[in-house]
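S.K.: Once you have looked at the hints, place chains D, B and Z with the ligands on chain S.
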Amino acid sequence: MSSITNKQVLDFILYEKEEWANSALMKFKTTEVLPEIFPGQFVQVKIENSPDTYLRRPLSVNFTDRENSCLWLLVQKIGPGTRKLAGLALNSKVNMILPLGKSFTLPEPAKDSFQQQIMLIGGGIGTAPLLFLSKSLHERGYSPVFLLGGRSAADILQIDQFRLYGKVYVTTQDGSMGERGLVTEHSILKEMQPDRMYCCGPKPMMQAVASLARAKNCWCEVSLENLMACGFGACLCCVEKTTQGHVCTCTEGPVFNINQLLW
Amino acid sequence: MSSITNKQVLDFILYEKEEWANSALMKFKTTEVLPEIFPGQFVQVKIENSPDTYLRRPLSVNFTDRENSCLWLLVQKIGPGTRKLAGLALNSKVNMILPLGKSFTLPEPAKDSFQQQIMLIGGGIGTAPLLFLSKSLHERGYSPVFLLGGRSAADILQIDQFRLYGKVYVTTQDGSMGERGLVTEHSILKEMQPDRMYCCGPKPMMQAVASLARAKNCWCEVSLENLMACGFGACLCCVEKTTQGHVCTCTEGPVFNINQLLW
Amino acid sequence: MVDLSVQLKALRLKNPVMTASGTFGYGEEYLDFMDVSRIGGIIVKGTTIRPREGNDYPRMAETASGMLNAVGLQNKGVHYFVKHIYPRICDFNTNVLVNVSGSTVDDYVQAAEIIQELDKIPGIELNVSCPNVKEGGMAFGVSPRALSLVVKEVRAVYKKHLMLKLSPNVTDITELAKIAEDQGADSLSLINTLLGMAIDAENRRPKLSTVTGGLSGPCIKPVALRMVWQTYKAVKIPVIGIGGISNTADAIEFMLAGASAIQVGTANFIDPGVSVSIAEGITDYCRRHGFKSAKELTGSLIID
Amino acid sequence: MVDLSVQLKALRLKNPVMTASGTFGYGEEYLDFMDVSRIGGIIVKGTTIRPREGNDYPRMAETASGMLNAVGLQNKGVHYFVKHIYPRICDFNTNVLVNVSGSTVDDYVQAAEIIQELDKIPGIELNVSCPNVKEGGMAFGVSPRALSLVVKEVRAVYKKHLMLKLSPNVTDITELAKIAEDQGADSLSLINTLLGMAIDAENRRPKLSTVTGGLSGPCIKPVALRMVWQTYKAVKIPVIGIGGISNTADAIEFMLAGASAIQVGTANFIDPGVSVSIAEGITDYCRRHGFKSAKELTGSLIID
Ligand SMILES: Cc1cc2nc3c(=O)[nH]c(=O)nc-3n(C[C@H](O)[C@H](O)[C@H](O)COP(=O)(O)OP(=O)(O)OC[C@H]3O[C@@H](n4cnc5c(N)ncnc54)[C@H](O)[C@@H]3O)c2cc1C
Ligand SMILES: Cc1cc2nc3c(=O)[nH]c(=O)nc-3n(C[C@H](O)[C@H](O)[C@H](O)COP(=O)(O)OP(=O)(O)OC[C@H]3O[C@@H](n4cnc5c(N)ncnc54)[C@H](O)[C@@H]3O)c2cc1C
Ligand SMILES: Cc1cc2nc3c(=O)[nH]c(=O)nc-3n(C[C@H](O)[C@H](O)[C@H](O)COP(=O)(O)O)c2cc1C
Ligand SMILES: Cc1cc2nc3c(=O)[nH]c(=O)nc-3n(C[C@H](O)[C@H](O)[C@H](O)COP(=O)(O)O)c2cc1C
Ligand code: FES
Ligand code: FES
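Residue numbers (the numbering used here), protein chains in the order written: chain S, 225 to 487; chain D, 225 to 487; chain B, 963 to 1266; chain Z, 963 to 1266.
Derived from the structure by calculation, the hints contain no laboratory data.
The beta carbon of each residue, even a glycine, is placed where N, CA and C say it ideally should be.
Hints should not be assumed to be uniformly reliable.
Below, computed lysine-lysine pairings styled on BS3-like, alpha-carbon distance capped at 25 angstroms [claimed, not checked]: (1) D/317 / S/308; (2) D/308 / S/308; (3) Z/1082 / Z/1038; (4) D/317 / S/317; (5) S/317 / D/241; (6) S/301 / D/317; (7) D/317 / S/241; (8) D/465 / Z/1038; (9) D/308 / S/317; (10) S/308 / D/270; (11) S/270 / S/241; (12) S/308 / S/270; (13) Z/1121 / Z/976; (14) D/308 / S/270; (15) D/270 / S/270; (16) B/976 / B/1082; (17) S/317 / D/301.
Heads up, incomplete: computed chain S residues facing chain B, CB under 10 angstroms, no partners named [what the hints assert, rightly or not]: (18) 280; (19) 462; (20) 464.
The following label-pair restraints were derived from C-beta to C-beta distances [said to hold, decoys possible]: (21) D/257 / Z/1166: 46 to 56 angstroms; (22) Z/997 / B/1164: 22 to 32 angstroms; (23) Z/1134 / S/237: 49 to 59 angstroms; (24) S/272 / Z/1209: 15 to 25 angstroms.
Same shape as in the complex, but just chain S (with noise of 0.2 angstroms):
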């Protein structure tokens, strides 16, 4: 599904933080009307008063409230930006270009006669935009099977939000949580055979995940993090290359069907 919404540059406030040692959960609130946005659009956030970082950060809209022009982000602290995005103070003011990029596809709202079985496999940070693409999902009537993964237990983010749309399995890789080892590994993959995968995490792990699509002959998007410099389509820095050639994950994408890839 593709983006309908203007793009635009909107101050955010931060409205109210969760943090851990890795990561935080952030909703930020705006003063104008939230423009329509889509699961798996991102948003581009520009970090103030950080040396270290020229360019605005890609984040994953985590959840939305329009009513309330209310936006989550789920931020993994792993550089300059994010650790200073994350460390931010309550009421800090942040700078966000937003909607960007297509939207994982949703299916025909459920029928009784016929309801698709859909798993949402996340890695790591990787779960941020599926969130909000559990909750576009059980507006259409589907209770998706969520299996995440994680080095360990610190890993496994928002648990109890997932649990609200769907069953949710678990593995850490230090078997701190939910069974030990990859998440392609888990034992719910033998015994499901979904209709529909969504998939977002580490690239190895998205190819691990395609590999078993294709072998399951099961229908599948994963969602792309290649580094971009605008996020609008303008530098063409965040190619991916498809069966199209080169696309721009930040228009193209980041949602992407296995089928255009070439893993």
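M.R.: What follows is chains D, B and Z with the ligands alone, placed relative to chain S:
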């Protein structure tokens, strides 16, 4: 008087702050032992979280309280560095190199038999090092006369503190406080024949004071504010052309006797 | 009223602000953010005679106050441009110039001839300075002989505004500037990106697939300003300043140093409406400093 | 235990970290901040045969992630150095090299001969790349003929370590690097500052008395890294990397790109003890990445 103290790189905590539209008085505290500092010496402040300032910023020591490891800076907001510094929240950490430069030359302790008349002239933020100097003069038994100038009353800072050490005269260009006009036009200058003058302020003002001192045949020291990169004699950027050729204002100054200068 | 218009030989810009090639797409990417009719011109993406896939990913690395890119002139070729893109953008109420690149002199000449036929394109910018392609590209920009040839041949066939974009990766930019002027260039734009490199110390690999790439952003401004000043003093044709321009003060600095107009590049990525703000800011600056027109700014640096 | 020592031909450094000329005074300015015996070497201030007053104030302008300087080789001349400074610094427990500059070939030769007599000075760094003096200076660094001559003549009289500092303001740095190698330089250090310019838009004047000056700091790192990599591949003598190095990662990047040692410049002004931290950081990096010695880092960039 030359610095006999080793230079150090020290972290301070912003402890108290009084902020005005164009300036701020900031009290810093360190957990280390504050080195001995003499009036006229300065610090090189690192401006954190500031993409627009790469170098440190030189600021005069406004006052010290060695017993409590406290140091005051009086900062005029004129650019990105000083604005960022003045805008810091309490408890912010600030890194400084100190003490730097040569101090004002203090007179021998006053004797009843011979009391030197001392005048301190400050323009705008140039009053910053003079408060510390007044305290030292006071400790030596002197009660200097102060002549403080600014564009308007808002520029005349710390006047109550100065009054603790001597009589204060003021000029403002808009007449909102004291006599209207430039500091060098104040009527007291016609009446008084000081034995020593100390001056800090914008260069044109210091040049006018230097002429005046020469006319009165009066001993006079001024404190220069040349642009600095390092602050401790390594870069040779801060030079002033003197009777000895180019000398570094950060090591041979910032305080100079007007006899050394080619003004 | 301040007259913001500037004249680059026969080409009139309503104000001195243009956007730099490769940083503004075809203008369409910015329509949500700004009104393109409020700037003096747009230089669209680097265009070549045949389609180019560009370099492999990764093509970008952030650096101190700037970035490296290694896009490598990805574009669908001049024929695609004529057929599919031109019709969409030809009604922009501003000057749309096409940035033309090639691997051989013939590539440049052919592309120029094709673009000449497009009514609404008043000029081209010859890019002889792209550091991101193996053949051609920068080679033309750093070799006096090659530069002379390509400008001469294109000039022979191209009758509208011929802007030549200079490479900063040279010992003496005025030498190349004079050659371009002698061979009939109408104006000179500078600088293109500086050739740079970035390494990820932790994985011990270059950050770009091509190892080296083009440096842009505020970090290059001092070099760009110096080259604009040197070039302004060396030639008579108008100079267009490029390099790290991010706000009005930057633009003014380039004009004082001798630029008749400026191009905003990488700054568009961070602040997509910045070119319009700069145009507005120039009016304000002229007013505060008593300039009746933006033209007067050009070269008005005071050297005591 | 990681062996940090590196060998620049016959010159042994206890670790690869040196400090860059003009940014470290004579070392004395830093004694309050650090123990100079913990770094591999110090390159003292640019020294000329006769005293120089340097350029007029202002000599400095801050830029995005860097600064411009126009010091212009202010120094009291080589004789003053020998008589007054050398005795004070000759006991530093590290390699003290003198950076030598001149306006004529003869200036260089004479200064080199005088410094050769100083027992505790194991080498000189020839500065043919200073952009801040009118005669000589950079001219030697950008002209193949002039460079060839000055290196040859100095080599003829100077028997200790001869390091040649290259200018980045050239089209092809490898051309000049090879000339220096052919004429007998023992090592190459690069880069010196990029020629840049800054303007104060509000008062419409250049920020430097000399209008243009030398750009240094993190902003130039990508260009420096690229040039080190190109030079490393072009010559056999050791390369010393300079340009914006401010922390351990920066230093490692230069070594991966081919530097045998590095020099810390402008960063010393902001963090006067940074060179020692970098030396310590290199040990840590080697340990984490399984390098037994710092030498192994040189050129070990992985290009897939
Ligand atoms: C469309 C999109 C959506 C994203 N959504 C989220 C999200 O919801 N939450 C979240 O925490 N992160 C998300 N990311 C990743 C996020 O953008 C990066 O983590 C961030 O830019 C890193 O910035 P930094 O300054 O903290 O670290 P940097 O210093 O920029 O990077 C630190 C390290 O991470 C690597 N890196 C940086 N960016 C990326 C990237 N995009 N992909 C892979 N490696 C990278 C760098 O090469 C470097 O090694 C998303 C990225 C994209 C493109
Ligand atoms: C030894 C010394 C002591 C000082 N003491 C004080 C003090 O106690 N309180 C105080 O507020 N300021 C003091 N200054 C001045 C202070 O250092 C500058 O105002 C500050 O560096 C400006 O930084 P900025 O980033 O805010 O502005 P910038 O953007 O750096 O500068 C803004 C404008 O001010 C000019 N400017 C910057 N620095 C100076 C300078 N040193 N002299 C003249 N013009 C300058 C710039 O050219 C520019 O036009 C002192 C300077 C020196 C050298
Ligand atoms: C991502 C990117 C792509 C670019 N592509 C081109 C191009 O196709 N043709 C060209 O002449 N210049 C190209 N440039 C160079 C810019 O037009 C400009 O000369 C340079 O970036 C310096 O300006 P800046 O610092 O304002 O970005 C590109 C720059 C960037 C950052
Ligand atoms: C203030 C200043 C003075 C310098 N003086 C000299 C000099 O005398 N001789 C020289 O070869 N290089 C000189 N340089 C250049 C540095 O040695 C170094 O090559 C350059 O600054 C790049 O490194 P950096 O980015 O780490 O500073 C000077 C640099 C600065 C900033
Ligand atoms: S990030 Fe610029 S085109 Fe995608
Ligand atoms: S500021 Fe560096 S020598 Fe004075």
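S.K.: State the violated hints by number, sorted upward, taking the hints as numbered earlier in the document.
M.R.: none
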